[in-house]
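The whole structure should be built from the sequences, with the hints applied where relevant.
2 protein chains.
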Amino acid sequence: MSPSTDTKQRILASARELIYSRSYSDVGVAEICTHAGVKKGSFYHFFASKQDLTLEVLDNVYINMKENIIEQAFVEDIPPLSRLVRLAEMAYEFQKQLKKETSQILGCPLGNLATELATQHEPIRKKIDHIFSKLQSNITEVLHKAIAAGDIHQINVDATAKAMLAYFEGVLMMAKTQNDAEVIRQLLPAMADIRI
Amino acid sequence: MSPSTDTKQRILASARELIYSRSYSDVGVAEICTHAGVKKGSFYHFFASKQDLTLEVLDNVYINMKENIIEQAFVEDIPPLSRLVRLAEMAYEFQKQLKKETSQILGCPLGNLATELATQHEPIRKKIDHIFSKLQSNITEVLHKAIAAGDIHQINVDATAKAMLAYFEGVLMMAKTQNDAEVIRQLLPAMADIRI
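Protein chains in written order, with my numbering: chain X, 873 to 1068; chain R, 873 to 1068.
Hints in this document: simulated from the structure, not taken from any laboratory.
Among the hints, erroneous ones may be present.
Claimed, not checked - EDC-like mimics (lysine to aspartate or glutamate), calculated; alpha carbons at most 20 Å apart, straight line: (1) LYS1017/X with GLU948/X; (2) LYS972/X with GLU939/R; (3) LYS922/R with ASP898/X.
Said to hold, decoys possible - Computed list of chain R residues with no C-beta within reach of chain X, every gap over 10 Å: (4) SER921; (5) TYR934; (6) ILE941; (7) GLY1022; (8) GLN1058.
Bear in mind that the values here come from a model prediction, so they are computed numbers and not experimental data.
Note that CB positions come from ideal geometry on N, CA and C, so glycine has one too.
And the structure:
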């Protein structure tokens, strides 16, 4: 990695970690630079603003989520609906690990920023809306496979996928509010039973 | 109302409106005072801090939600599970009206603050956790009536009520992210079908 790429990646990683553990508004550019070990001038070489940085952080969050959770949960070694249950189990393990490391359930980095910023930063709202659409499409694919396998019938596939994603986000919010990963273990597998 | 009570109520109403439409971190005490038409000294006569104020705002949000939405949705003129569908319809109408007035879907004032602040302000996390428990109990009562009426069988009542609340919060988050009340109309009635 070139020194320049490395600097940019360190800023992105620091922003992601600090914002995820607290909130967008609570973390400033100065603190991100200190955490990343870069000068403020460097920051503005790569990003026009904290909002610009956050848009790139969100892209990285999605890529990470897709590669490390969704693609692994949705491997075709088990029936389609069981893959949704596996996604729920992986989300539980991930948050349980976070709790062990930080003593806190951090919830979903997308959902956190959506509720905090949707009314205030239109580019961020649009970006998260776009990522949610992609996650919904990932679930839609699984549902089409469940239909092809004869496991489910007569559903509105797009609405059901969106409902499952909404439930996923709501359960993570509950777990964060109770600061208890067991909420996810108990509630989230029922995601696979939702039908619209 | 005494002038003192009136001043306090104006501060609470302003805080509630400003924080709900934006976020906790984005709204400062000075702005709340200006909006309420009171001096900063007055503010600190009633509240030790913005966090203290927010704890009282949350109590008011719950009372308002209970009196204006839950108690009306759960009137016993229709079968228990239909009351949950009516709750969903009322949430839709409320957010649709907000959109008409402000051009934005604001989501749930509890869920918004939970995701923004749960890792940063322990008293606020605990307060919202407590209010979510009360909302869960309200749903639990309806479920017990549905069981008594023979409409549902063999569920974990407490977990099902919590799952319904999580779904409610997740759907409102989705609607806020898409800035579209129709998400609520399409998805939220399925809350009544969730079983754990």
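Structure-based check of all given hints:
1. LYS1017/X with GLU948/X: Satisfied, since the Cα-Cα distance of roughly 10 Å is no more than 20 Å.
2. LYS972/X with GLU939/R: Given that 20 Å is the threshold and the Cα spacing comes to 40 Å, the pair is violated.
3. LYS922/R with ASP898/X: At roughly 15 Å apart (the allowed maximum being 20 Å), ASP898/X and LYS922/R satisfy the hint.
4. SER921: 15 Å, holds
5. TYR934: 14 Å, holds
6. ILE941: 17 Å, holds
7. GLY1022: 21 Å, holds
8. GLN1058: 6 Å, violated
Hints 2 and 8 from the earlier list are contradicted by this structure; the remaining hints agree with it.
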